[in-house]
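Residue numbers (this note's numbering), protein chains in the order written: chain R, 265 to 606; chain V, 1255 to 1379.
For the record, the hints were derived by calculation from the structure and aren't laboratory data.
Some hints could be false.
Derived lysine to aspartate or glutamate pairs resembling EDC-like cross-links, with alpha carbons at most 16 Å apart [what the hints assert, rightly or not]:
no.	chain 1	residue 1	chain 2	residue 2
1	V	1318	V	1303
2	V	1377	R	600
3	V	1318	V	1263
4	V	1354	R	600
5	R	419	R	468
6	V	1377	R	468
7	R	562	R	468
8	V	1354	V	1328
9	R	388	R	468
Here's a subset of chain V near chain R, in silico, CB distances under 8 Å, partners left out [said to hold, decoys possible]:
no.	residue
10	1293
11	1296
12	1297
13	1299
14	1354
15	1355
Backbone N, C-alpha and C fix where the C-beta goes; we use that ideal spot for every residue, glycine too.
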Amino acid sequence: MTQPGNDQPIEERLCLATTARLGAGQILGLARLSGGASQEIWSFVFQNADQTSPVRLILRRAPPGINAGERDTAVTLSTEADVQQRAGAANVPVAPIRFVLNPDDGLGDGYVMDHVDGETIARKILRDQVFVPIRPHLARQCGEILTRLHQTPVKGLSLRNFGAADQLARYRAIYESFADPRPVFDWAFAWLGRHPAIGQATPDPDNAVLVHGDFRNGNLMIGPDGVRAVLDWELTHLGDGHEDLGWICVNSWRFGEIDQPVGGFGSREDLFAGYESLGRGSVDPERVRFWETFGTLKWGIMCMTMTATHLSGAAPSVERATIGRRASETEIDLLDIIAGDA
Amino acid sequence: MPHRPTPSDLIEAVRQFLETRALPVLSGHTAFHARVAINALSIVLRELDQGAAHDAAEHDRLVKLLGQDAPLDDLRRMLAEQLGNGAMDVQSPDLIAHLKASTMAHLSIDNPKYAGYQRALSKDR
Chain R
265 MTQPGNDQPI EERLCLATTA RLGAGQILGL ARLSGGASQE IWSFVFQNAD QTSPVRLILR
325 RAPPGINAGE RDTAVTLSTE ADVQQRAGAA NVPVAPIRFV LNPDDGLGDG YVMDHVDGET
385 IARKILRDQV FVPIRPHLAR QCGEILTRLH QTPVKGLSLR NFGAADQLAR YRAIYESFAD
445 PRPVFDWAFA WLGRHPAIGQ ATPDPDNAVL VHGDFRNGNL MIGPDGVRAV LDWELTHLGD
505 GHEDLGWICV NSWRFGEIDQ PVGGFGSRED LFAGYESLGR GSVDPERVRF WETFGTLKWG
565 IMCMTMTATH LSGAAPSVER ATIGRRASET EIDLLDIIAG DA
Chain V
1255 MPHRPTPSDL IEAVRQFLET RALPVLSGHT AFHARVAINA LSIVLRELDQ GAAHDAAEHD
1315 RLVKLLGQDA PLDDLRRMLA EQLGNGAMDV QSPDLIAHLK ASTMAHLSID NPKYAGYQRA
1375 LSKDR
């Protein structure tokens, strides 16, 4: 949380920025929702001066002076807004962007979008009664959404092409930098490095598509009618669309519902059927399995990274300190995927 | 034997304090972090109880697998290197049995409630 003294200037600046784009009015109920050291999410209500119905809005920003791309895999917030708008135009459900901040706003890098009602907490989506009717349809819906997402025009976007070979090298370097060997991870790197799908999973620039990069249960705004918005676009890049199909199947995103591989709510068959139903995408299940395996390993390394961030003193927290112990969860998942059918 | 209170006694006392006294008066993000802290202390208690035995068993397996003796950290590093440079056959049943045993030992300390661990336990029975 920011100190109370910091709220006033933000509120005033945000009011100026909002009225400049949306017309005279005032902002109410500004509240910080979440985010880390480099990113903040605020919710507020914009009340038009002519007293038409108030609009609920969300500010996502990196405060001034903070480098937006804390992780070098993250895109800037203005790129994120651009990608989100394009995906929306391609019929991917997203929160509509109201405006992108510019330096004169004095609010840092970021954008303002509509608030979308719904639930993002995965355990609630998997347990609450209100989602019982929609749950069997979610996997297929995710497939349909991913087909559209991967067809989004990317011309002119400054996104990097981040295929499987580059990602393997990158996460291997991060893992090795910890000098804390977990032989299951070395074994998984060896298995992935010689996997026959690696070539297709590393598309050349002409064949690379828009990839969300963090499409999973927890980053989807879901209502009783289904997926209402795809959130958290900061890891978007170009590459192999199968990456997104594999990531949502990683066991860590099933939240205990391990027999429902897609986000804990559905089957791969439904996900793939949805993906192919629009007649534009086709799924290679082996390539999805490659990415699911890589995603499992990647999450394990991300857990180690968060503990390393804590230990470095850069962002100490008991949560970051402890999460490194979750790397063991990905070890058993890797053993299950790779050796389970060996 | 250390004098009482042992390290485990002290950690258990702090864990109970957090759970029964502190947590009920906390809210929001601080309550969440208190639950994480309780979980962290539970991990430490399990490790104090079982860690040395797990390490000894891992060491014995690695000595057999690699055919040489060294401190556990060095053996682990050697195995990682042999997997990285292709010297170790990734499909070797002895290797996979070792990796599985080590992982099950980690999870019995780090998160015995994990669904994937529970599933693996029930398969082994």
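Status of each hint after checking the structure:
Our distance criterion of 16 Å between C-alpha atoms is broken by residue 1318 of chain V and residue 1303 of chain V, whose separation comes to about 25 Å. Of the pairs offered as hints, the one joining residue 1377 of chain V and residue 600 of chain R holds, with about 11 Å between alpha carbons and a cut-off of 16 Å not exceeded. A threshold of 16 Å between alpha carbons decides the hint, and for residue 1318 of chain V with residue 1263 of chain V the separation of about 36 Å lies outside it, so the pair is violated. For the suggested pair residue 1354 of chain V and residue 600 of chain R, the alpha carbons sit about 9 Å apart, so the restraint of at most 16 Å is met.
Our distance criterion of 16 Å between C-alpha atoms is met by residue 419 of chain R and residue 468 of chain R, whose separation comes to about 15 Å. The straight-line distance between the Cα atoms of residue 1377 of chain V and residue 468 of chain R is roughly 42 Å, outside the 16 Å bound, and the hint therefore fails. Restraint check for residue 562 of chain R and residue 468 of chain R: the C-alpha separation of about 22 Å exceeds 16 Å, so the hint is violated. For the hint linking residue 1354 of chain V to residue 1328 of chain V, the alpha-carbon distance of about 19 Å lies beyond 16 Å, and the restraint is violated.
Taking the CA atoms of residue 388 of chain R and residue 468 of chain R, the gap is near 40 Å; set against the 16 Å cutoff, the hint is violated. With a cut of 8 Å, the hint placing residue 1293 of chain V at the interface with chain R holds, because the nearest CB-to-CB distance is about 6 Å. Hint status for residue 1296 of chain V relative to chain R: violated, with the closest Cβ pair at about 10 Å, above 8 Å. Interface restraint check for residue 1297 of chain V: the shortest CB-CB distance to chain R comes to about 6 Å, inside 8 Å, so the restraint holds.
Interface restraint check: residue 1299 of chain V against chain R, minimum CB-CB distance 13 Å, threshold 8 Å, status violated. Checking residue 1354 of chain V against chain R by beta carbon gives a least distance of about 6 Å; that is within 8 Å, so the hint holds. This hint is violated: residue 1355 of chain V has a C-beta 10 Å from the nearest C-beta of chain R, more than the 8 Å allowed.
Comparing the model with each earlier hint shows violations of hints 1, 3, 6, 7, 8, 9, 11, 13 and 15; every other hint is respected.
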